[in-house]
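Protein sequences appear in the order of chains A and B. Once you know that position 102 of the first sequence is 102 in the numbering used here, the rest is easy, because the numbers rise by one and skip nothing. Quick note, the numbering used here runs 559 ahead of the 1-based positions in the second sequence.
Treat the hints as calculated values from the structure; they're not laboratory data. Treat each hint with caution, since some may be false.
[Claimed, not checked] Pairs of lysine-lysine, DSBU-like flavour, derived with a Cα cap of 30 Å:
hint : chain 1 : residue 1 : chain 2 : residue 2
1    : A       : K308      : B       : K631
2    : A       : K17       : B       : K625
3    : A       : K4        : B       : K571
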Amino acid sequence: MKLKGSQILLECLKKEKVKAVFGYPGGSVLDIYHALFEHSIKHVLVRHEQAAVHAADGYARATGEVGVCLVTSGPGATNTVTGIATAYMDSIPLVILTGQVPTALIGNDAFQEADIVGITRPCTKHNYLVKNIAELPRVMREAFYIARSGRPGPVLIDLPKDIINQTAEFSYPEEVSIRSYRPTVKGNPRQIQRALDEFMKAAKPVIYAGGGVVLSNASAELHALARRLSIPVTTTLMGLGCFPGTDPLCLGMLGMHGTYRANMAVTHCDLLIAIGARFDDRVTGDLRSFAPEAKIIHFDIDPTSISKNIKVDIPVVGDCREILKDCLAAIGKKKVAPRDRKSWLGEIAKWKAGHTMAYKQGKAIKPQFVVEKIYELTRGDCIVSTEVGQNQMWAAQYFQFDRPRRWLTSGGLGTMGYGFPAALGAQVAFPGATVVDIAGDGSIQMNIQELATVVQYNLPVKIAILNNRCLGMVRQWQQLFYGKRYSHSTFEHHPDFVKLAEAYGAVGLRATRPDEVEPVIRKALAVKKPVIIDFVVEQEECVYPMVPAGAPISNMMLL
Amino acid sequence: MRHTISVLVDNKPGVLARIAGLFSGRGFNIESLSVNETLDPTMSQMTIVTRGDDRVLEQINKQLNKLIDVIKVIDYEKGDENHIERELALIKVAVTDKCRAEVLSIIEIFRCKVIDVGKAHYTVEVTGDENKLNAIIELLRPLGIREIVRSGRVTLQREARVP
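Taking the hints into account, I'd like the entire structure generated from these sequences.
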């Protein structure tokens with residue numbers, strides 16, 4: 001069957017079972033939009049291309065499927081770059097389709113031309129410029145395969161306008177075979193055995209689980225292993241929810257704003273088992289004093305993550321889920337009992353009791369209180385996205401995630417403006433779910449235009465602005481490390497967020513006193529419309545515990 | 560430590576940019592580079608000379624392997640007996656009646672060729688390993704080298720030795 005390039009593109013999306021595309025039309029993609037007009041694929045018209053990528057990213061994190069977005073050439077394409085870099089740092093599977101000027105004009109500084117393949121080379125897992133219509137189905141097939149397999153990531157496909165207008169025979173390749181790309185899925189059995197021997201020997205083991213556990217859907221296996229061997233688990237920011245936050249073995253998050261017990265456990269453990277984590281500087285602090293007494297085991301699908309920052313004693317390359325399954329199978333057969341963990345778990349319990357995450361409630365609303373109330377009133381049954389900064393850390397600290405794929409945050413790149421469009425994407429995937437964006441008054445203004453989108457599509461996202469009239473985390477660093485010189489971190493003017501919400505057709509609510517917090521959240525959760533809640537919170541509240549950048553993680557500033 | 564890395568890649572546009580971008584983006588250094596098609600025209604062979612400690616070299620190798628277009632990476636340490644290395648240099652050396660014979664004798668000792676002759680210059684082609692090239696350049700320098708171009712290094716694995 002002969003089809004036009006634009007139709008081939010949509011047929012490929014259908015073959016990949018894509019249910020939603022987030023996009024924004026423009027000159028170079030008019031033909032694709034022309035075909036989309038009568039197509040069954042759902043298209044969500046965002047208000048800025050950056051939001052299209054974040055929305056596709058939120059969709060991908062919440063569902064585990066590949067997120068797709070479609071934008072035009074030039075500025076449309078360059079606007080996606082922050083979104084792509086965000087997804088790349090957090091290993092989120094995306095396919096980004098960008099229009100391009102006709103092939104004859106490429107390189108001529110044509111109107112709305114940008115070398116997006118060149119620009120995104122360092123922040124995509126792979127990218128393509130399609131120069132021949134016959135290649136399109138194979139390129140699409142490869143792109144989806146590359147995006148979701150191995151260590152997932154964003155893949156960009158640049159589509160020149162003339163190519164999209166040509167016709168060709170359409171057949172979608174059944175198989176995909178890339179001679180230079182064969183990710184290792186199964187862990188080496190001998191390495192797994194070596195790791196297991198250490199599990200049994202260790203007196204003070206800790207599992208350090210990251211986003212890789214979420215990406216490989218290995219939560220059940222992780223839980224089973226930790227329970228079977230009574231190993232306490234700390235998670236990274238990206239790993240929140242991969243191990244139940246309410247499980248007695250859960251230590252909470254580790255690192256710069258981690259819990260006291262998690263950081264102390266890692267500092268004093270004799271075996272650290274890193275699973276789908278990458279020893280980020282916000283986790284390790286000073287590398288020399290990170291888990292100084294421990295043997296280190298590392299399960300990861302990406303060999304470049306192994307021994308990048310910290311020398312690993314026993315690396316196992318492969319998919320976390322496969323490796324954990326093999327571990328469980330080996331343990332199950334042998335019926336080995338782990339060493340007695342009483343004294344180790346007792347030590348951890350003491351650290352826990354010594355330093356709780358309590359904060360003092362005063363006359364003004366404490367931001368932590370808002371997060372706790374959202375957790376309480378949703379009974380944790382919601383998808384939470386965050387912006388970046390204090391709002392992100394308080395959300396991570398005071399919300400207990402019991403399930404994976406309920407937590408959408410820009411961990412690696414730390415992109416302000418991520419949370420709202422990501423929440424939008426998650427709400428498209430789960431129209432009936434409660435989706436809350438825990439935002440700051442700075443971050444929310446970086447993609448506030450998406451209020452129009454959520455109103456248009458009736459996506460009832462709840463935006464909780466922890467409004468402290470400043471860039472809280474910047475202000476915190478200035479307070480602690482820059483002699484309280486608050487250089488350009490305080491906002492002297494804000495819009496009225498309640499009126500702003502109303503102007504867009506959403507609901508605007510406000511709380512200024514602690515006793516108003518609960519009723520306002522209840523009200524927001526009850527309406528089936530997008531809501532902004534402006535929580536006017538204590539300005540000078542800092543995120544604690546805190547480890548100064550580059551210091552040992554046992555060196556914690558506590559509340 | 561200096562390493563010569565042989566990288567087999569897909570012969571596609573943009574591959575060189577990916578490799579160069581990887582090195583610059585991660586703070587690695589390329590000391591020399593050569594690229595050309597292999598027997599199979601769908602593949603290209605790159606030879607990259609780089610430097611770094613063990614940790615850096617491990618990362619370079621892994622990061623290269625991670626690129627979708629990279630098919631195979633072989634890393635040779637300096638002095639590794641399992642491979643042969645060659646470079647090529649074209650040297651434009653000034654000749655006068657006084658030194659013509661001396662230039663020719665150096666050329667003969669190094670078994671290289673004069674590939675262009677002018678009134679005032681010989682252009683000499685020399686191939687060999689890095690040491691040989693450096694040696695002839697040092698000998699010709701006092702006679703007056705006008706210009707030099709040196710190629711990137713190329714390398715090939717030796718056939719496995721029969722014990």
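These are the hints, each one checked on the structure:
1. K308(A) - K631(B): holds (21 Å)
2. K17(A) - K625(B): holds (27 Å)
3. K4(A) - K571(B): With a Cα-Cα distance of about 26 Å, the restraint between K4(A) and K571(B) holds, given a limit of 30 Å.
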